[in-house]
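Colleague: Which chain is which? The protein sequence lines are P and C, in order.
Numbering (the working numbering) for the first sequence: 1 to 299.
Numbering (the working numbering) for the second sequence: 300 to 592.
No lab work stands behind these hints, which were simulated from the structure alone.
Glycine included, each C-beta is placed from N, C-alpha and C at the ideal position.
The reader is advised that the hints may include incorrect statements.
Covered, in the sense of this in silico footprint (three residues per stretch, anywhere, with C-beta under 8 Å from a C-beta of chain P), are these stretches of chain C [what the hints assert, rightly or not]:
hint	segment
1	318 to 327
2	338 to 350
Pairwise CB distance ranges, derived in the manner of DEER restraints [unchecked claim]:
hint	chain 1	residue 1	chain 2	residue 2	range
3	C	353	P	290	33 to 43 Å
4	P	79	C	566	32 to 42 Å
5	P	158	C	353	25 to 35 Å
With a straight-line Cα cutoff of 20 Å, these simulated SDA-like cross-link-like pairs (lysine to any residue) come out [unchecked claim]:
hint	chain 1	residue 1	chain 2	residue 2
6	P	142	C	348
7	P	142	C	334
8	P	142	C	349
9	P	142	P	158
10	P	142	C	317
11	P	108	C	348
12	P	142	C	540
13	P	108	P	189
14	P	295	P	285
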Amino acid sequence: MTRRWFWPSFALPGVAWLVLLFLVPTYAVVAVAFGTVDPIFSQPVPVWNPLHWQFAGMRSVLAGLEPGHAFWTVFVRTFAYVALSLLGCLLIGYPVAYYLARHARRTKGLLLVLLVIPFWVSYLMRMLAWIGLLLPDGLVNKTLMDVGILSRPYGWLDGQASSVVLALIYGYVPYLILPLYATLDRIDRSVLEAGRDLGASPIRTFLHVTLPLSRHGILAASVLIALPMFGDYYTNDLISNSPRTSMIGNQINLFFQEGTQRTVGASLVIVLSVFLALLMSYYLWVTVRASAETKESLL
Amino acid sequence: MKGLRDWFANPWGQPRALGAITWLYMVWSIVPVGIAILFSFNDGRSRSVWQGFSTRWWWGDPNNSVLHDPSLRSAIEQSLRLAGLDMLIAVPLGVGLAIGLTRWRGYGARPVNYLMLFPLVTPEIVMAISLLLVFVLLYGIALGTEAQTLGQVTFSISYVVIIVRGRLLSIGPEYEEAARDLGASQLGALRLVLLPLLYPAIFAGFIVVFALSIDDFVVTQYMSSGQSTQTVPILIYGAARGATTPALNAVATVMVVATLLSVGLAYFVYRWSARAQPATSGNALNEIAALEM
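Next up, chain P with everything else stripped away, as it sits in the complex (with noise of 0.2 Å):
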């Protein structure tokens, strides 16, 4: 006899903690960003119900989200630098998630070791060892002036966006091989074969056969890394601290740590949340399309 509560029962304190420390925190977001700042202490001041909410926080992100205007430059800003480096990592992550799944025989317990043990070496911990090797007198500009390509020093650190999209690279590049790997891993061999044995070059293969049926691990992947990137600032900060390269998640953490203005910040959390969930829904419509045509096609 199982009784009705028993099982729930067990859920229960998970549940009650993430309802309290995760739902109702996210509406308290809204509830700042829809509600009024204090006069005299200019601290933001919730407003729980609905029907009272005001608008001048939210009206006042959007006007700067107008071309031309402060928001609108970030934005851009930070599409600009995710899609780089989304790009950057699809280069460098297809080609060593595909070797990995279809090539790697001897080396490849040793190859997914290396893989995954920047997983567990702090993030920040990476971004530090970059930073030593970028100073003036560090090991790139020493190889560099070695070579012959520098005569003197670069700044790479003083607010380049080039730097800001290779530390992005370089932090959220794992993140992306591993999916990637698990996609093409899948893959049957047969199907290549037959492409093969249907007179496909290797190359025509690739194209019509491999790329096709990897398409859905590298939307997966990218939308996996594009989240995060969306909400980064401490990569920015720790290899530009520039405003030159500041992107929408400086000038959020801007807002909270100096604790002005909170009002103008909620309701810019609000509008990079609405971007990102419009992002997971078509990420999610693409799957779900894509689950009922395999089951179509096998009916």
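Following the hints, complete the assembly by docking chain C onto the known chain P.
Modeller: Here is chain C on its own, set in the frame of chain P:
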């Protein structure tokens, strides 16, 4: 020419260029960290110019070494304290949630499944700001160790659930049903049969939560209150661009070694005790997509 023809005839052969890219990637991903670790043994104050080997930044220097600088030591202690608290709270909650969700066949299970996955896809800064606002404006919880623990547990639970649920699904309900048929009470079957079967997953959960906590920066920083609640990642963030000594590299190295050792240990224990169990790939997005169908 012969090589090319061989490769063309046998598409499963070794493409050298791909192999080279892969090995270059591995070198590129790991060597910088190795160099940073090496520089913790630098004899000079520089973190970028090698001046000979010494252990002064580890224990030799009476003021600025890891062993003697109180701020470095307190950062390590705070990191370990938070990791311990996070493990103690997040693992039991996550195991309970996983058991409840897997065996519970009611209307409530589906929304809870969604709720559990959302912390995994929410950018950390969004989570940190929501916690900050709710603590300050609604709950009245002071920032510091308590707030840091509450925040870390919130994002750790979901990882525990995914690990434990993977194991639960591969075990199936048969063992418990057998125990019930043989006269065990529901709670007895759970305690004597299911829980021992879950030990490897619970152990893995502990280690993953340890690593998550040690490595976390954003939530821990937002929940911190000044110097005394500084963790190692916060210390690195604050000092990395400044004129700091290789002692910073040494502190970071301590944490890297701690994490890698615990993960390595966990891997071997898990492999040893859960032999022949297929690994579950915990990709949050795929999980959500799977629910959707």
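Colleague: Does each hint fit the structure? Answer for all of them.
Modeller: We went through each hint and held it up to the structure:
no. : hint                         : result
1   : 318 to 327                   : holds (count 6)
2   : 338 to 350                   : holds (count 5)
3   : 353(C) to 290(P): 33 to 43 Å : violated (58 Å)
4   : 79(P) to 566(C): 32 to 42 Å  : holds (38 Å)
5   : 158(P) to 353(C): 25 to 35 Å : holds (31 Å)
6   : 142(P) to 348(C)             : holds (10 Å)
7   : 142(P) to 334(C)             : holds (15 Å)
8   : 142(P) to 349(C)             : holds (12 Å)
9   : 142(P) to 158(P)             : holds (17 Å)
10  : 142(P) to 317(C)             : violated (29 Å)
11  : 108(P) to 348(C)             : violated (35 Å)
12  : 142(P) to 540(C)             : holds (19 Å)
13  : 108(P) to 189(P)             : holds (17 Å)
14  : 295(P) to 285(P)             : holds (15 Å)
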